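Colleague: Start from the sequences and build out the full structure, keeping to the hints where you can.
Listed below are the residues making up each chain.
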Amino acid sequence: MSKPHEPPRHLLTLQDLGRERILTLLDRAAGLRAQFRAGALPPLLAGRTVVNLFFEPSTRTRTSFELAARRLGALVVNFDIASSSTSKGETLEDTLATLEAMDADAFVVRHKENGTPARLAAHARRAAVLNAGDGNHAHPTQGLLDLLTIRDRKGRVDGLTVTICGDVRHSRVARSDVHGLAALGAGEIRLCGPAALLPAADEFQHCRVFEDFDAAVEGADVIVMLRLQKERMERLAFDEDTYFARYGLDAKRLTRARPDAVVMHPGPMNRGVEIASEVADGAQSAVLEQVANGVFARMAVLEALLRR
Amino acid sequence: MSKPHEPPRHLLTLQDLGRERILTLLDRAAGLRAQFRAGALPPLLAGRTVVNLFFEPSTRTRTSFELAARRLGALVVNFDIASSSTSKGETLEDTLATLEAMDADAFVVRHKENGTPARLAAHARRAAVLNAGDGNHAHPTQGLLDLLTIRDRKGRVDGLTVTICGDVRHSRVARSDVHGLAALGAGEIRLCGPAALLPAADEFQHCRVFEDFDAAVEGADVIVMLRLQKERMERLAFDEDTYFARYGLDAKRLTRARPDAVVMHPGPMNRGVEIASEVADGAQSAVLEQVANGVFARMAVLEALLRR
Amino acid sequence: MSKPHEPPRHLLTLQDLGRERILTLLDRAAGLRAQFRAGALPPLLAGRTVVNLFFEPSTRTRTSFELAARRLGALVVNFDIASSSTSKGETLEDTLATLEAMDADAFVVRHKENGTPARLAAHARRAAVLNAGDGNHAHPTQGLLDLLTIRDRKGRVDGLTVTICGDVRHSRVARSDVHGLAALGAGEIRLCGPAALLPAADEFQHCRVFEDFDAAVEGADVIVMLRLQKERMERLAFDEDTYFARYGLDAKRLTRARPDAVVMHPGPMNRGVEIASEVADGAQSAVLEQVANGVFARMAVLEALLRR
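Residue numbers (UniProt numbering), protein chains in the order written: chain A, 1 to 308; chain B, 1 to 308; chain C, 1 to 308.
Any given hint might turn out to be false.
No distinction is drawn between identical chains; accordingly, a pair holds when it is met within one copy or between any pair of copies.
Claimed, not checked - Each computed EDC-like pair below joins lysine to aspartate or glutamate, with the alpha-carbon atoms no more than 20 Å apart:
id	residue 1	residue 2
1	154	188
2	230	90
3	112	281
4	88	231
Hints listed in this document are in silico derivations from the structure and should not be mistaken for laboratory results.
Values in this document were obtained by computation on a predicted structure and should not be read as measured data.
Modeller: Next comes the structure, spelled out in structure tokens:
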């Protein structure tokens, strides 16, 4: 999806995808949502085969892609890596070529290493590759569903102040959000977290970086809270309670943002670590709308890449 | 499914479901069976999504629910608990809310703890919860399929003498059978097993309790044999051979029952432990009819709860 | 599929299936392929249920069968042996009877022991059993897909010289290939490998046996390379490099065959052990065509056994 004048074949990142393509996908996702809710979703992908290749377990994202594809009439195969030939010494490229020879039309790939989806895309002869999250590199459908959710709640993305807080350094969600927000003209993107979890200074030149979460929340239209993985916690010099006190979002801190600020989280949430239940379940939380939109954003991408 | 004047939203137990609702489900199961066998089952649940949430492995019951839902045109997702966010510390309620946000219409829940399906039902905003077995509390679709099988074989349930033998104390099957049999007016319900495996004296006040299996079989119309789990065996003061001699059903003991008595077992059977092969495979055994009816009973429940 | 005047109910082996039945299946596989590629595959198996019973993990073959069945409209259940009643002490026959009682129409069985599919076929009341590989006995759909691939490339099977190289002794693929090639009148079938991996002298009386791979390749029309399992390697008196030098197929050795010789491999390939990448990816390689044909050969078999 990177060359401007060619129909895109893969979705690997939102970076360089461009404002127009992103807006087209968001509009289409909203359209498919309306059709689904009216019970009138056509089987646009009937006859097509989608293979889920999840090298990292993720029932949530896999289920979302699976429902998106199957509700559009596609046949979905969840490829079980653990019992596959890949585990018998076959190269990943040979596994892909084998599945493609069985007329798979798309691969939804999640992998802990940056660049695996791109590597498979380079090897695919005909099939589309959809990145469902690679390392800390990109998670483009999460970026799209976040943009759709922001647009639903705020009516626009342009000019908004968006704060992303947590383990930004290791977060593919943060990266795809930043790419998408920048493409759609967000006013100010703020990244916040303890120094050890902030990205390198030169990576996000158009973002403002904060270590003080109170300051980062001030006047924000949107606050995206990231999941703090337990493994990261152990490397910090302070404990969970201190993390929550400094970087957790509770109702009191939320009052620093705009009164109509939206709170988002990619899930799964660590209640009491990065977000208080009063906020997670409160009226400003769009967490479940994000989940719902995930299915429709993935439908829009699958349709764009697969429809004949 | 408990309030008399409201359409029920969940199926958690047969207790208090009421004679009329149970009979309606049995009639509908038999009707769907006739349609299926005529190759004329309509896709009554097209567009609906059913999620299997099995916290205890049970391929048999899961497959039965899956076939019931898919043959009616529903989309079924088998949620893999082991690789899910629940295993990453997400609360079960958040996992349910997430799947419900993806427009899941029903959850089929099996759990080793009593009450987990009810807990999830209380939390669900819109979706139906079907109890597929919780602890030793209830297994309502097993109760329904057993009633359907009895009615098929005997023409009625009213007035029948039904003996349930084995580990009654820990059996959700026994409990749901008793609830269903009582609702449909069985004449006498007999519970039989070694003292250590019998329920507390006050739990089943309308049942007769036996430690002597010969006496419990005498004149019975229906005999339901329960599976003896190996773990229970170890806690008894006697070995498998003694168990079979006292509580196993063989052809000789079966002659004490009525000549047209039906033998049932929820499966999987331990041949030679609680049931002899000559009985399991004999003309009076309805074991495979139970399995077949399981799919249709589950179809009837899914349709009742999910059809728009 | 063994009695000449009766419609076959199972597919257990190609041995004794007969030339006519094999040719009919190959023609039908090619026909279904043409319909699929034209986007005009009818749902010939709508309303039928296929159960995958894989006691050995094999994502490749299981996925091929699954796609074959589902693209024809069948409902496919992947039965998870590990969490099934079979693992709770239920006999395999009872598991089969249970699934058959749920109206399963076909079982696709893979098992490490020779004869398990035949044993289940003898027990099945109504359902078809398809052997997806048992021990070193047979893998009939692999034989069919190999014949189809040879016919595609060479226009015929009759009279061809076919060399099969590797661990012939333990290979069900080799056996089913030999059965199929003999039935279709191949000119000469050559089996090649180190002495420890060759079959007993009396097993393949109509084949020529070689220990010298150069001689076995000489003038061949088709070369089928078998996967060398790591466990076997350990039992040989030489290492992987020596194996490759003696029994690996590289571009130089391939020049000994006819210029238009076809190279095949059932996969997954051990590149650099039994086959060089220059050959595996070269113009004479039909490896990916084999994979593609696998789905269509399985469709043809499923249709023959299941269509009402």
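Colleague: The structure should be examined with respect to each hint, and the outcome stated for every one.
Modeller: Each hint tested on the structure:
In this homomeric assembly, residue 154 and residue 188 come within 20 Å of each other (Cα to Cα) only inside a single copy, at 15 Å, whereas the closest approach across copies is 65 Å. For the identical chains of this complex, residue 230 and residue 90 are inter-copy neighbours only, at 12 Å across copies versus 33 Å inside a copy, given an alpha-carbon limit of 20 Å. Taking the shortest Cα distances, residue 112 and residue 281 never come within 20 Å of each other, neither inside one copy (30 Å) nor across copies (28 Å). With identical chains, the CA atoms of residue 88 and residue 231 are at most 20 Å apart between copies only, with a shortest distance of 12 Å across copies and 30 Å within one.
Checked against the numbered hints above, the structure violates only hint 3.
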